[in-house]
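**Q** Assemble the whole structure, with the sequences as input and the hints as a guide.
Quick mapping for you: the protein sequence lines, in order, are chains X and V.
My numbering puts the first residue of the first sequence at 1, with every later residue one more than the last.
My numbering puts the first residue of the second sequence at 1001, with every later residue one more than the last.
Read the hints as simulated data drawn from the structure, not as lab findings.
Any given hint could be a false lead.
[To be verified] Capping the alpha-carbon separation at 20 Å, the derived lysine to any residue pairs in SDA-like fashion look like this:
#, chain 1, residue 1, chain 2, residue 2
1, V, K1078, V, D1057
2, X, K73, X, I103
3, X, K101, V, E1044
4, X, K101, V, P1054
5, X, K101, V, D1057
[Said to hold, decoys possible] Derived CB-CB ranges, DEER-like:
#, chain 1, residue 1, chain 2, residue 2, range
6, X, N67, V, T1076, 20 to 30 Å
7, X, G96, V, P1061, 32 to 42 Å
8, X, S42, V, T1076, 21 to 31 Å
9, V, V1012, X, S42, 36 to 46 Å
10, V, G1003, X, E10, 27 to 37 Å
11, X, K70, V, S1087, 32 to 42 Å
12, V, R1064, X, T60, 43 to 53 Å
13, X, Q56, V, R1064, 41 to 51 Å
14, V, S1027, X, M11, 35 to 45 Å
15, V, R1085, X, P40, 39 to 49 Å
16, X, A72, V, G1042, 38 to 48 Å
17, V, D1063, X, A72, 36 to 46 Å
Nothing here was measured: the structure is a model prediction, and the numbers come from that model.
Even for Gly, the Cβ is constructed at its ideal location relative to N, Cα and C.
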Amino acid sequence: AQTVTQSQPEMSVQEAETVTLSCTYDTSESDYYLFWYKQPPSRQMILVIRQEAYKQQNATENRFSVNFQKAAKSFSLKISDSQLGDAAMYFCARNGGATNKLIFGTGTLLAVQP
Amino acid sequence: DAGVIQSPRHEVTEMGQEVTLRCKPISGHNSLFWYRQTMMRGLELLIYFNNNVPIDDSGMPEDRFSAKMPNASFSTLKIQPSEPRDSAVYFCASSFVLGEQYFGPGTRLTVT
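**A** Structure follows, in structure tokens:
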């Protein structure tokens, strides 16, 4: 089965500290995209960062960066200098290569402590 | 750009009634997706369209659900008749080619 696994249902981090959210996936394709989405209490799904599988360089967006390990099929999200507004559910997702279908993980609920 | 627009934002209806959810994708995007989110099953892809053509509707739960995309700027998801187990948040998302998907704000559906 083509799955995306987030093994941490909940995480907590102190404001201004760094936290890493884990994600592993399964695929038989060589070319695909990986994404992290954030869903705050407003329930809006917000794209945080994306990574193309053919790129070796890890994607970075301001305080958000990924550690992409293609051979291990691992795609973790690092949030630096955590802010209260980062508190949300975070979903890892992979698209289906030739199709644009997204396969989502079950999510990690991140709490940020002041 | 206004982003993906969904209406209504909230819908409360009685069991047996017809429900129609609407979506306007981002201009220029050629793929449109309908998702359902519940606590029990998380995010589920119901159906998606490429260039207004349904490509994969394997996620549509039953014949009570139907979706259309008459043109590049509008899509509907219809439930007829609705049942309490259809209560969920329904998201529409759009993308260009194989790019990232952008989600609308969702429609919270409650069927009593």
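**Q** Against this structure, judge whether each hint is valid.
**A** A quick look at each hint next to the structure:
Distance check on the hinted pair: K1078(V) and D1057(V) sit about 13 Å apart at the alpha-carbon level, within 20 Å; holds. Note on K73(X) and I103(X): the hinted pairing holds, with a Cα-Cα distance of about 14 Å set against a maximum of 20 Å. For the hint pairing K101(X) with E1044(V), the CA-to-CA distance comes to about 11 Å; that is within 20 Å, so the pair holds. For the hint linking K101(X) to P1054(V), the alpha-carbon distance of about 12 Å falls within 20 Å, and the restraint holds.
Under the criterion of a C-alpha separation no larger than 20 Å, the hint pairing K101(X) with D1057(V) is consistent with the structure, at around 11 Å. Separation of N67(X) from T1076(V) is about 41 Å and departs from the stated range, judged on CB atoms against 20 to 30 Å. Taken as a hint, the range 32 to 42 Å is violated for the pair G96(X) and P1061(V), whose Cβ atoms sit roughly 20 Å apart. Hint check: S42(X) to T1076(V), Cβ distance near 24 Å, so the stated range 21 to 31 Å holds.
For V1012(V) and S42(X), the hinted distance range of 36 to 46 Å is not satisfied, since their beta carbons lie about 19 Å from each other. Checked against the given bound of 27 to 37 Å, the beta carbons of G1003(V) and E10(X), roughly 29 Å apart, stay inside it. At roughly 40 Å, the beta-carbon separation of K70(X) and S1087(V) lies within the given 32 to 42 Å, and the hint holds. A C-beta distance of roughly 45 Å is found between R1064(V) and T60(X), which places it inside the suggested range of 43 to 53 Å.
Our hint of 41 to 51 Å for Q56(X) and R1064(V) holds, since their Cβ atoms are close to 47 Å apart. One distance hint, 35 to 45 Å for the beta-carbon pair S1027(V) and M11(X), holds here, with the actual separation near 37 Å. The beta-carbon spacing between R1085(V) and P40(X), approximately 26 Å, falls outside the hinted interval of 39 to 49 Å. For A72(X) and G1042(V), the hinted distance range of 38 to 48 Å is not satisfied, since their beta carbons lie about 24 Å from each other.
With their beta carbons about 42 Å apart, D1063(V) and A72(X) fall inside the hinted range of 36 to 46 Å.
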